[in-house]
Every structure is written in C-alpha cells, then in structure tokens.
Amino acid sequence: MRAEPSRAPEWGPEPEPQTQAPHGQEPAPAARKAGRDRYFDLLRALALGRVVLYHNFGWFWLPLVFPSMGVMFALAGSLMARSLSRPALGVIRGRLRRLLPPVWLFGAILVALQILDGWGPQSDGHPTWWWSKLAFWILPLSTPPYGEGLAGFQHVEATWALQITVPLWYLRAYLWYVLLTPLLLRALRRLPVVTLSAPLAMVIVMNTVFADQEFVYSRVWENANDFATFGACWILGMAHQEGLLRKIPQYVLPSVAPLIMVAGFWYLQTRPVDPTVATDIEAWPIAQALWSFGFVAILLHVSPSWERWPRPLERWNGLVGLLNARAVSFYLWHQVALVAAVPLIDPLWSVPFFYDNLRWLLASQWFTLLVAIPLLALLVLAFGWVEDVAAKRPPRLFPYPRRPRGRRRATA
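Residue numbering for the sequence shown follows the working numbering, beginning at 18 and increasing consecutively.
Bear in mind the hints are in silico, worked out from the structure with no lab data behind them.
It should be emphasised that the depicted structure is a prediction, and the values quoted were computed from it without experimental measurement.
Hints should not be assumed to be uniformly reliable.
[To be verified] Here are the computed distance ranges between Cβ atoms for each label pair:
no. : residue 1 : residue 2 : range
1   : Phe-232   : Pro-411   : 40 to 50 Å
2   : Val-237   : Phe-415   : 38 to 48 Å
3   : Val-269   : Arg-103   : 29 to 39 Å
The beta carbon of each residue, even a glycine, is placed where N, CA and C say it ideally should be.
Based on the sequences and whatever the hints tell you, model everything.
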C-alpha cells in the first residue's frame with residue numbers, strides 16, 4: 018500500500034493546515050508552517066533511540082547528553098497546540114483514538130502473559146480492587162496494574178512484567194497533558210511567564226516540602242509529580258508553536274537556558290547518594306525538570322524548521338521516517354525485546370564453543386542489544402499496523418518512506 022506523504026504519522030496527530038481566525042478576531046501567532054517538520058522528526062527519532070540505549074545499558078550520562086523525555090513532551094506539546102485551531106473536544110478525541118488502540122493491544126497481550134504466569138485476582142489479596150484496576154489498561158489515567166513477583170517463564174526473570182511496564186509512565190503523563198492542554202493553552206496566552214514557570218515551582222515544592230510524607234507513594238502523587246517534572250517542557254513546546262518564543266530577544270534563551278541547566282546539574286551533584294554509584298538524573302525530579310527545560314529551550318531556540326532534509330541528512334530519511342511512523346509501537350515494545358533477548362542468549366552459555374571462546378560476547382550488553390534489535394523489528398512489524406488503523410489510514414506492515422521522485426532532476 019502506498020503511503021500518503023502529506024499524512025505521515027506522528028506521535029500524536031498528523032500536521033494540520035492552519036485556519037484563519039474569524040472576522041474581527043486577531044489570529045493566534047503561529048511559529049510553524051503546515052506540513053512536516055523534519056527537524057522535529059529527527060529529534061523524535063533521536064529520543065526513541067536514546068530511550069532504547071538507556072534501558073539496555075543504564076548509562077547515567079545518557080539523560081544528560083540527550084533528555085529524551087523532555088524532548089518528546091515538548092514536541093508533543095507543540096503538535097497539540099497546533100491542532101487546537103480546531104475544537105478542543107475533537108482534538109482530544111483524536112489523540113485518544115490514535116494513542117489507545119496500540120496500548121490496548123499491548124495490554125491485552127501483556128495481561129494474558131501475566132495470567133499464564135500465575136497473576137490473577139488473588140495475587141494482592143483484594144480481588145475486587147484487582148478487577149477495578151484493570152480499567153487503567155483501558156484508559157491509563159494511572160499506572161496499569163502488573164505482577165511484581167511472578168513465577169517467571171523458562172529462563173525469564175520473575176520481574177519480567179515489572180521491566181516491561183516501566184515505559185508506561187510516559188503514556189500516562191502524555192494522556193494527562195492532552196486532557197489539560199486546552200486549559201494550559203488558554204493560561205499560556207494570558208499569563209505566559211506564570212504558566213511556563215508553574216510546573217517548575219510545583220516540582221520544587223513537591224520534592225522539598227512534601228518529600229517525606231507518606232502520600233508520596235500514592236497514585237495521585239505519582240501522576241502529579243510526573244506532570245510537574247515535564248510540564249514546563251510540554252508548555253515550552255506550546256509556546257514555541259504559538260510564536261511566543263520569537264517575541265523574546267534572541268540573546269535571552271541561549272543565555273538563560275544554560276544557567277537553568279547548571280542549576281539542575283548542581284542540585285543533582287548535591288544529592289546524598291552512594292559515592293560508589295554514579296548519580297542518575299532520572300531519580301531526581303527537580304534536577305531532571307531543570308536540566309530538561311534548559312535543554313529543550315535551546316533545541317527550540319535553534320529550531321531550523323526543515324521542510325526538506327538538509328542534503329547531509331537525506332540518507333537518514335528512511336530510518337527517521339520509519340521511527341516516526343511507528344513511534345508508539347517502538348516505545349511500547351522496546352522493553353519486551355530487551356527482556357526477551359536475555360533468555361535467547363542464556364542457552365548459548367551451555368554451548369562449549371561459546372563458553373570457551375565467546376564468554377565476553379555473551380556477557381556483553383552490546384550483544385543483548387544486537388539480539389533485541391531484530392526482535393523489536395519483528396514486534397513492530399507484527400503490531401505496528403494498529404497505529405495506522407487508529408489514525409484511520411490503510412494499514413501498512415512496513416511504512417518505510419519512499420525517496421521523493423524528481424528531486425535530482427529538479428536540482429540538476
């Protein structure tokens with residue numbers, strides 16, 4: 018089936034044309050043109066790749082080099098603000114329609130596997146509550162339930178379900194941002210500075226004044242803390258789309274953003290941790306919020322708004338396009354691939370040749386990644402078409418973008 022170049026899928030809705038304001042009303046400023054922005058596509062692809070690397074290697078410095086979560090929330094916030102030229106209810110319904118079917122498929126398979134592994138209503142001693150929590154697999158306003166300690170399949174750790182569900186917090190936070198964006202956008206237009214700084218103030222207060230309270234382990238706290246940690250990035254993406262960042266003198270953002278990042282890094286270095294273990298910024302919401310905000314501000318300040326790829330990057334068009342076309346599927350299934358890679362490697366330890374000559378390879382995390390990548394490709398191939406169905410597009414097994422025809426002839 019042939020892909021529609023003007024409706025290439027996003028993490029979120031496809032780009033929509035800008036509409037004119039009614040007569041007598043001043044149109045909201047817009048910083049971006051209709052159509053795809055290849056710069057945003059590149060950032061989203063880099064963010065997804067960084068997530069996979071971090072979950073495989075656990076390198077503490079990766080979130081510092083590229084804070085993927087903040088970047089992804091900023092891109093999604095920009096696209097959401099762009100779509101709100103239409104009625105808000107319809108936009109929210111469209112977001113839910115595009116997000117939830119891939120989550121439902123993922124949840125159905127994961128819940129079925131957990132039940133096969135012994136998980137059920139009696140697992141936590143509260144059968145009624147177990148059944149009611151399953152509703153979070155339908156609408157993930159809170160973390161969907163999973164079995165923390167299971168029997169484990171052959172060669173699979175008992176914590177396999179816990180490992181696989183780690184990325185779901187992003188979808189939960191994304192859903193709350195989508196639901197609240199109409200209110201956030203209205204506040205941003207009226208009080209931009211207050212709206213932009215409110216999440217940063219919120220995360221600082223929550224993790225200093227209330228850090229020792231018992232309710233920090235509740236579902237409400239979990240949702241609020243994630244919202245506050247990355248809320249400024251989401252709103253920053255909205256401000257970029259609204260054209261508000263262009264009203265600031267050009268020297269302000271590149272001057273202030275590094276100072277905010279330095280504040281986050283200083284806070285990270287002052288945390289009481291085990292001196293033998295590197296401090297991970299993802300464990301400290303205040304540091305992560307400040308660092309991500311400053312980093313995203315610089316990226317959006319630089320934003321070149323590529324309608325066509327710069328010539329040196331044209332070779333990556335296929336991979337970047339594929340990652341963007343299957344962003345939800347890549348994110349949902351990458352942990353499954355990483356977890357499944359381990360039991361596939363373990364039997365090789367029993368093979369004399371591998372044990373005698375290639376123990377270094379079997380113990381290497383690079384080998385785990387090498388095995389996980391084709392597994393992830395198969396999972397996306399098997400389940401990624403749901404994203405097309407959710408977006409009301411003809412389903413495609415392999416949405417690899419074709420090279421635009423006629424470019425060489427046109428530039429000759």
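| Unsatisfied constraints (hint numbers, rising) | none
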